[in-house]
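Colleague: The lines below spell out each chain.
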Amino acid sequence: MVDLTRKRDVLVIGGGNAALCAAISARRSGADVLILEGAPKFYRGGNTRHTRNMRCAHDAATDILTGPYTEQEFFEDLLRVTDGHTDEELARHMIRESKDILDWIVKQGVRWQPSLGGTLSLGRTNSFFLGGGRAMLNALYLTAEQLGVEILYDAEVIDLEIDQGMFVSARLKQRDAVISVRASTLVAASGGFEANIEWLKQYWGAAADNFLIRGTPYNRGSILKMLLEKGVQQVGDPTQCHAVAIDARAPKFDGGIITRHDSVVFGIVVNNRALRFYDEGEDIWPKRYAIWGRLVAAQPDQIAYIIFDASSRNSFMPTLFPPLESGSIAGLASQLDLDPVMLEKTVGDFNAAVKPGTFDPTILDDCRTERLTPPKSHWARRIETPPYYAYPVRPGITFTYLGTRVNKQARMMMSNGKPAANMFAAGEIMAGNVLGKGYAAGIGMTIGSVFGRIAGREAAQNARN
Amino acid sequence: MHGTRTLEEADRLMTVCNSCRYCEGLCAVFPAMEMRRAFSDGDLNYLANLCHACGACYTDCQFSPPHEYDVNVPKAFAVARAESWAAYVWPRAFAGVFARNGVAISVITALSVAAFVFGFAALHDHQVLFGIHTGPGAFYALMPHNAMVVLFSAAFLYAVLALAMGVRAFWRDIGEPVGMVGDAGSLWQAMKDAAALRYLDGGGSGCVNEDERPSDRRKIYHHLTFYGFLLCFAATSLATLYHYLLAREAPYPWWDLPVLLGTLGGIGLIIGPAGLLAEKSKRDPALVDQQRTGMDVAFTLMLFLTSVTGMALLVWRDSAAMGPLLALHLGMVFSLFITMPYGKFVHGIYRYAALVRYARERRQLAHGNQE
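Sequence order for the protein chains is A and B.
Counting in the numbering used here, the first sequence tops out at residue 488, every number present.
Counting in the numbering used here, the second sequence tops out at residue 525, every number present.
By construction, these hints were calculated from the structure, which means they are not laboratory data.
Computed from a predicted structure; not experimentally measured.
Among the hints, erroneous ones may be present.
To be verified - Below are the BS3-like pairs computed for lysine-lysine, each with C-alpha atoms no more than 30 Å apart in a straight line:
1. A/Lys64 - B/Lys373
2. A/Lys64 - B/Lys346
3. A/Lys64 - A/Lys30
4. A/Lys30 - A/Lys122
5. B/Lys373 - A/Lys130
6. A/Lys310 - A/Lys224
7. A/Lys253 - A/Lys431
8. A/Lys130 - A/Lys248
9. A/Lys275 - A/Lys224
10. B/Lys434 - B/Lys373
11. A/Lys64 - B/Lys436
12. B/Lys373 - B/Lys436
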């Protein structure tokens with residue numbers, strides 16, 4: 024049994040990558056550490072359960088990485104995906120620290136493997152977890168337990184006692200009772216609020232009802248909300264999130280990686296008016312997949328349809344849900360409840376605008392449309408070989424960017440501009456510091472591991488003083 | 155549509171897994187899956203027999219129960235494997251033996267042992283059965299050597315024939331041409347993979363059994379069992395050569411090669427199966443094909459008892475207990491041989507065949523990529 028009356032050096036709230044890295048690093052620095060994970064044991068770890076890789080800078084190829092990925096290149100990638108919406112000092116600090124994480128995380132039991140089948144484009148930049156995110160989590164939990172970190176599941180924190188930037192205790196709901204858990208320092212690593220539809224509606228309105236949540240229903244952002252209400256400085260745009268287009272037939276929560284679609288570049292995407300709304304061939308897919316969630320969210324009823332033909336049927340990874348299929352475009356339209364005449368016109372206009380070229384999905388090829396709005400800049404091929412196929416897609420929210428401002432010690436900043444006395448944050452709850460908008464594969468895990476490790480170390484030291 | 159509900163479920167799981175692929179570094183099953191976009195009955199039976207039941211993919215899976223996707227590949231494949239063995243069995247009339255395997259094996263073993271006991275008793279008077287026999291040829295006072303050779307060779311050859319017919323059915327089911335047997339490179343690769351139990355380690359960390367903590371215990375116990383079995387087999391074969399080529403009759407002194415090999419093997423074949431049974435009893439029920447625990451236990455227990463009776467014979471061969479112990483041991487060995495094609499033993503044969511196919515697919519893929 025976990026003794027909840029004893030005051031801990033470090034209290035970690037959350038149970039994912041950032042929380043575990045913080046707990047392990049605090050424990051290795053000599054602190055007495057308790058983790059409060061709000062989810063039951065199976066669902067422990069929030070979004071980490073669904074991750075598969077981490078983006079770390081490295082100066083040379085390794086056993087599992089095909090080439091160097093310098094700090095500068097990493098930073099330039101970050102600038103590009105965020106349109107400059109990042110805290111440069113913090114971002115550069117994170118990228119520098121990420122180099123060391125490649126080895127450090129292995130010492131915590133995590134095992135790497137080369138990039139998975141179908142993800143070769145990430146082979147140089149991203150290290151993949153052998154067995155995926157849950158395997159990574161299992162390894163971290165095992166290490167934490169062996170080090171003597173105490174872990175409580177189903178531990179929902181309902182209030183935080185904070186006195187002028189000084190954490191005192193967390194109010195923990197345990198069956199019918201409420202218990203105050205005291206600690207010298209707090210590490211908040213409890214994620215964002217993507218599973219809190221009511222909160223999302225504050226910014227997105229009724230559209231949020233049509234969002235699918237890719238992770239567990241436990242990512243409700245309650246700790247984030249408490250911290251912001253109790254004087255911690257806010258960072259990030261509340262409407263920004265990592266959202267991709269996922270299969271509309273996916274479950275409301277926790278559908279995970281397997282509901283995604285990689286077929287956008289092979290066809291066209293129409294809304295429920297049977298109209299195209301964005302350049303499907305703008306850039307290589309991994310660089311663009313993260314914009315399609317927001318694009319679909321902006322369409323009527325937050326739904327869209329990827330339309331392609333037999334020539335592309337086997338060009339992308341197999342999908343969980345099979346595509347809808349018909350011998351004619353009109354037949355496909357009726358299955359999708361779209362206006363058949365309008366869909367035939369959209370496909371016809373697209374086909375007429377396609378210019379001849381040499382199709383090559385691995386490069387920015389010369390297959391494009393002319394005099395079409397919006398254009399399809401690459402990989403444009405006529406949709407003319409039956410059977411025709413469609414995947415219905417909706418916005419799938421992975422994580423939110425609204426968070427707590429931190430400094431390089433992962434210490435929370437208060438709204439009066441002063442650093443918090445004993446409160447630290449790591450992971451998604453502070454991702455908005457470096458990720459103002461956009462997304463680059465694996466960067467969420469980088470934020471979690473780097474700032475988790477820093478937060479744990481700093482919290483342990485803070486507790487000693 | 156598939157032939158059975160088991161294969162329908164296996165297909166559902168492979169469709170989930172093929173759109174995820176997080177587990178591709180854990181074993182051979184997932185890379186083999188990735189070579190396909192759709193799965194025939196034969197494909198699923200191939201994948202099921204390729205699975206070593208290390209359990210890592212269950213523990214690592216974000217979609218395992220209680221998740222609504224209910225992904226439990228080790229269990230689904232355990233069921234599919236057992237059903238495939240019943241489907242491939244020769245002669246077909248014995249397919250039912252797989253269903254109530256524990257009972258069937260127990261009955262056959264009891265009958266075999268009884269046959270030897272009564273056979274000895276009927277052929278000899280009490281003085282011979284409970285007499286003290288020592289020196290070369292002592293065993294053959296109870297049963298002539300030639301009779302032993304004929305009986306056990308027949309049992310062994312029958313087992314080989316039945317197993318070969320089963321593999322033939324498997325090979326056809328998974329769509330491999332018979333001529334493939336000539337691919338020496340794949341046979342050798344599969345031999346190495348099987349000998350090292352390369353895929354019984356969750357991609358390097360070990361098997362998961364009772365909880366999410368991986369360990370190498372099952373692999374070690376399996377090695378002890380397998381190599382113990384081989385050593386015992388080598389001891390018997392060598393003794394046969396001694397008999398015919400060197401005209402030296404058993405029992406042999408403790409320091410002689412057949413006894414040394416047999417003793418070493420026997421120890422492995424006691425510790426190994428005992429360990430495997432202990433691991434099995436601790437195994438997370440979620441991973442176990444509950445309907446067929448009898449089959450696993452029956453075969454492992456058979457190996458254990460064969461070894462225990464053999465070791466007992468070695469220890470008490472100079473006493474009056476030798477006769478009954480010999481009957482007991484020979485009964486166990488006979489039963490082990492004739493039930494081999496109808497129980498858990500076949501897992502090794504089909505898995506080896508699946509590994510051969512996997513090795514060949516890998517070679518073809520590597521070849522294709524070079525072109």
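Colleague: Does each hint fit the structure? Answer for all of them.
Modeller: Now for the hints, and whether the structure bears them out:
Using a Cα cut-off of 30 Å, the hinted pair A/Lys64 and B/Lys373 holds, with the two alpha carbons roughly 28 Å apart. For the proposed pair A/Lys64 and B/Lys346, the alpha carbon gap of about 39 Å is over 30 Å, so the pair is violated. The straight-line distance between the Cα atoms of A/Lys64 and A/Lys30 is roughly 24 Å, inside the 30 Å bound, and the hint therefore holds. Taken as a hint, the A/Lys30 and A/Lys122 pair is broken in the structure, with Cα atoms around 35 Å apart against an allowance of 30 Å.
Of the supplied pair hints, the one linking B/Lys373 and A/Lys130 holds, its CA atoms being roughly 24 Å apart against a limit of 30 Å. At roughly 28 Å between alpha-carbon atoms, A/Lys310 and A/Lys224 fall within 30 Å of each other, so this suggested pair holds. A distance of roughly 21 Å separates the Cα atoms of A/Lys253 and A/Lys431; the hinted pair therefore holds under the 30 Å criterion. For a cut-off of 30 Å, the pair hint linking A/Lys130 to A/Lys248 is broken: about 34 Å separates their Cα positions.
Taking the CA atoms of A/Lys275 and A/Lys224, the gap is near 16 Å; set against the 30 Å cutoff, the hint holds. Proposed proximity of B/Lys434 and B/Lys373 is supported: the alpha carbons are some 13 Å apart, at most 30 Å. Of the pairs offered as hints, the one joining A/Lys64 and B/Lys436 holds, with about 20 Å between alpha carbons and a cut-off of 30 Å not exceeded. Distance hint between B/Lys373 and B/Lys436 is fulfilled; the C-alpha atoms sit about 15 Å from each other, no more than 30 Å.
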